[in-house]
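Enquirer: For what it's worth, our numbering labels the leading residue of the sequence shown as 26, then goes sequentially.
To be clear, the hints were calculated from the coordinates, so they are not data collected in a lab. Hints may be right or wrong, so weigh each one.
Straight-line alpha carbon distances no greater than 30 Å define the calculated DSSO-like cross-link-like pairs of lysine-lysine that follow [to be verified]:
{"id": "1", "residue 1": "K202", "residue 2": "K100"}
{"id": "2", "residue 1": "K202", "residue 2": "K96"}
{"id": "3", "residue 1": "K109", "residue 2": "K96"}
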Amino acid sequence: MMNYFNVFVKIWTLSIAFQNNFFVNGQCVLNAACFPPSIDVAKLIPHNMTINSTCGEVPEDFCVDTDCSLKCDAKDEQTSHPGKYLIDSYDLITYWKSKNFDEPVFIQCDFGYNLMLHQITITFQFELPSSMYIQRSQDTGNSFTTLIYFALRCNDTFNMQESVNYNKLDVICLRIKSEAIQNQ
26 MMNYFNVFVK IWTLSIAFQN NFFVNGQCVL NAACFPPSID VAKLIPHNMT INSTCGEVPE
86 DFCVDTDCSL KCDAKDEQTS HPGKYLIDSY DLITYWKSKN FDEPVFIQCD FGYNLMLHQI
146 TITFQFELPS SMYIQRSQDT GNSFTTLIYF ALRCNDTFNM QESVNYNKLD VICLRIKSEA
206 IQNQ
């Protein structure tokens, strides 16, 4: 069972790489794989995001560590944490937050065309989820393939062994390193 209590996320860079020296001035110059340079997908407009849980539709309090005085209210710009804050580039103040104790929580980004994925960087504003996975679709969202799993306990959550050595093409499960778990 996946436990998503509060999810606070900032996707800093979701970059796609098209790294190859055969692409010059917008033209492919050799008979080989040819891709344009990497770009930060967060800067692509337009893109559509579907999020099934965002705090503040009904104002709610939430806690970070022992501080339970924090508020989320979609009607108040100072205390709202909408989905648009997921990909607002390098703004350190804003972040998206799920509803309290909602599960499962999903975020789906549709960029409107096929991309070659190079790197995903996700920063959690506060605590980490107990598990998550990243998937992609090559048929406009009709079906999805999992790229990677993350969990406090891979075997319990996804029935997979924690991956230590792996091939870049393998679908693996990496252990989420939680301070609370490490201190037990």
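Enquirer: Which earlier hints can't be squared with this structure?
Expert: 1
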